[in-house]
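Trainee: Residues per chain, in single letters:
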Amino acid sequence: MYNLGAERHLVLFSIGRGHDGPARVGLLKLNEHDVPTPALISPMDGGLAHFYATYNHESFAPEKPILLSLGSAFMWDFESSLDNTEDMMVLLPSFPGLSDISDSSKDAVLQFQLEIIERLSDTLDPSQLVARIPATSNPNALSDVVSKISEKGVTSAAITFDSTSGMNDYNSIFMRAHLPRSWSAFAFGRITPSVIPLLYYVGFDFFDIGYGWASASQNIRLWSYEQERITNDATSRFCGCTACNQSIQLNELDNTKANATILQHNILVYRTVMSECLHHSKRGSLRQLVESFTHASPSLNALLRTIDQGLYDYLEEFTPTSGSGTQSLIGPESYHAPSIRRFREYLKDRYIPPSHKSIILLLPCSARKPYSDSKSHRRFISTIESALGSLRSRVAETILTSPLGVIPRELERIYPAANYDIPVTGDWDDEEVSIGADALVAHLNKFDEACVVVAHVQGGYKEIVASAQERIRQSVIYTLDEQSPGSRDGLQSLRDTLTDLKEILQLENIDSRLFADTLRATADFQFGPDAGMNLIPDSAKLSGKLYRMVVVRDGGVQTCAFIASNGLLSLTIDGGRKIDSLERYWVRFAGEDIQGGSLFAIGVKEADERIRPGDEVVILNNSGKLLAVGRSEMSGLEMCEHTRGRAVTIRHKVGE
Amino acid sequence: MSSLDEIFNPLLSLIQKASFDARGKSIAKRKTRNPNLPSSKWVSDSRIGSDMGKSLAIVLNTIGCSHARSDIGGCTMCSYLLDGSNVIISSDQLQNQFDEAFRSLSDKDGPLAVKLYTSGSFLDSEEVPDEARQHILTRIADDDRIREVIIESRPEYVTESRMNELRSMLADRHIELGIGIESMNDKIRTICINKGFSTDDFIHAVDVAKAERIGVRAYVLLKPPFLTERDALTDAKRTINEVVEIGATTVSINPINIQKDTLVEFLWNRGVYRPPWLWSIVDLLLETRVSVSDDINIICDPVAAGKSRGSHNCGVCDGEIIQGIKKFSMNQDIRILSSLSCQCKETWKHVLSHEDVTLQTHRDLIIDY
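If you're matching them up, the sequences are chains W and U in order. Mapping of the first sequence onto numbering that gives the first Met the number 0: position 142 corresponds to residue 141, and the numbering continues sequentially without gaps. Mapping of the second sequence onto numbering that gives the first Met the number 0: position 77 corresponds to residue 76, and the numbering continues sequentially without gaps.
Rather than coming from a laboratory, the hints here were simulated on the basis of the structure. Please note that a few of the clues may not be correct.
Stated by the list, open to error - Mimicking PhoX-like on lysine-lysine, the simulated pairs with C-alpha atoms at most 25 Å apart in a straight line are:
1) 236/U x 325/U
2) 63/W x 348/U
3) 256/W x 236/U
Sequences are here, hints too, so could you generate the full structure?
Mentor: Put into structure tokens, the structure is as follows:
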């Protein structure tokens, strides 16, 4: 059945390619059959392929459950032989409610999991076992117990949810975030359809839909966001699903038939929501789906925002640094979404203003992305050029926006700056103003005190500048009274201001730095501060078009290219050498040479912890020699932890 | 590998501490009542032998159960001793209490039964001094209407001499000792309930009583904490069959009701304990009535039934089911139980199987999101 000491196990869980936050696709190989994840798991009689049952309580034949619960610990017969369980995951016994009574009881309940694993190791393969982790567990004790459990070969955990407001569900998610990524994770309990996207997003693989049964038994029909009580005295909602369509008026059916119909409908709703999650995850828009689902209830919304604050590091680690398509940022829950907060932090930590900037021009954002393509910005640019000519490069064109905060023109094509979309009403809430002001202050502090800030903004944008003003060291000139920035009067005022400043500051001529500034800022953003000057020294030659591609040649050799469609730099091997010399974004392969177009996680010995899915990385061999450059599919920590899955998709190899 | 004892024993001290902590100052803060009056008394219709009669239940006001007052915290679900007194009640005062309660029977015809409760053990002379006990028994003995006497006690107070005294004073009346065995599963009784006595203690008490033809009314607890609903049902069924084999003469099913300042209340407040469903009681009665011989009555009088602190269903069928259980306790006829139905039975069935997988307490209301 299994081989202790050999690598072969009865059960294997492998994680597939692609990331959208911690959510993943996977494959649970159970002895004879495979279960792709994410997967719904249900009580026995739902007609679903993947169901659970309890040992000695339910008879199941010919179909077998994929998960067998051993029930609760006080009733568990320690002499059980557990025959015929090779094709199942086995859910360990524990004590309902005991973890809640004291700190010592929390630890005792966890300790019991270890004890029972020890006892069951003679009867069952540890890879079949699913440990129960109470939401109320002590986080400090958890990591110790988890490593002991891992050592015994157990790689799966079950955590319960009760979908009530308060900290309970946050604690459950906290537990999952502190379990190894390579473990499969089961979510049990009171799980409504509306919470499934969030649970999937935070890294669960299996979702218990038993709540569909509980609600059907009470004549409650579930919808994605809400519930409908079917009663005799009200017309029930229209539903075209295959279950309801057969019964036009549910409340006219007899109870048994109504319950059966409602149950089938509820199952279909779970399946629909699960499918939505998968679809969005593949498109890279799972976070958006999760955000929109949180409008199902205030407590669900609060839960997401609490997770964003408390588990930012966990979420951010698995959030890709590149993406395509529009990312709608609609509510306050978007302000601290991982990709958004990370942008603000990268900008603060990695952006270095070029020394030749003397004027910082604050501009409003535009709906059209990148901003330069919009009518308003084309007018701004044309105004700048008519006032300053080639001195345009002395102006740091800086766009104010919410919730990204501050976006230098150089970074207007990068993710998520080029992808986001927000509702525009002219009003900004206090949090937006505060985020914008903080970002602006941090940004302006990097510029010389002698620089002048020209604020060509109105409305909420102006509020941001005003709110930040006393923390800004530079002097600020407002170009507008009541005029709008894009109006003739407004633009005239801008032109006049810039013309005056050219005189006052005695700006010296400079050739266009547009390409260099853009590519360096991009390099710093992608690879950390100073990567820009390293990759694109003064001697480098840049050619191409910013709206398509700009190629960098240094010493006659191409090192990288700026790709307008994603606003990122793509490295050649020579470019890779430069990044390697900075000792960042590196992955160490455990061998001499790589065959094929991919580096798999099993071959990764070490990796820079900075690496995120979607990052440009360099691959070194075990002696430190550069082998290839490519795009990462995982985070740096993941590649080291996982033993299966693709770590890097190689673009160029040395010698090719 | 640790032995089972090594695994489970530490849990006992955790639970004892939690039970003790849950009581807090409740024992010390018991209200001072008139020590010459019982804590409560009530008269109800009762099946006495094969006749219908009346029974007087008296809760004497004493210092209360020694186990609950101990520093190992007492039983995790019981705070009946809060009906008792903080100060030692004298023998004279107890006699007055009894006399006062006894007057409720002055206008009643026989047959009658008297049930003597103390929120502890009637046979514990620290609670009920010898003199008071003898006074009470004498007054009962002098009353021909009284055919049945039920006395509650922990097994440690069931001694040969006490049994001897009871039999000699009460002549050939039917006497039963109500003993809270709760569960025949040692782990459950010792750890989940913290009962503080072994099955041997119980068996010994049954034997000692039997020697004087004194019966034992075994109290079986439905749904100790730290079990799922189905666990509790399974355990109660096994317990009932076993206590009957041991020699219990009546089975009294006691569904949990949430009492103040108990560990069970603590768990209930946190949403990790729910009192048993009425359906569980019905299922238990139906099944054990068939498996247990007819000469042993199986009774159940759920406290706070239909309320959130007591055994309840959906709210719609509770009244009818509670009536059914009461009637069954009187006449032992299963037909009244097997005819009960409600849509919520489907929910109950789901709860039975789902809780065994999730180990999560099912809540009653369907949530908003």
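Trainee: Against this structure, judge whether each hint is valid.
Mentor: Here is how each hint holds up against the structure:
no. : hint          : verdict
1   : 236/U x 325/U : holds (19 Å)
2   : 63/W x 348/U  : holds (21 Å)
3   : 256/W x 236/U : violated (33 Å)
The structure fails to meet hint 3 from the earlier list, while all remaining hints are met.
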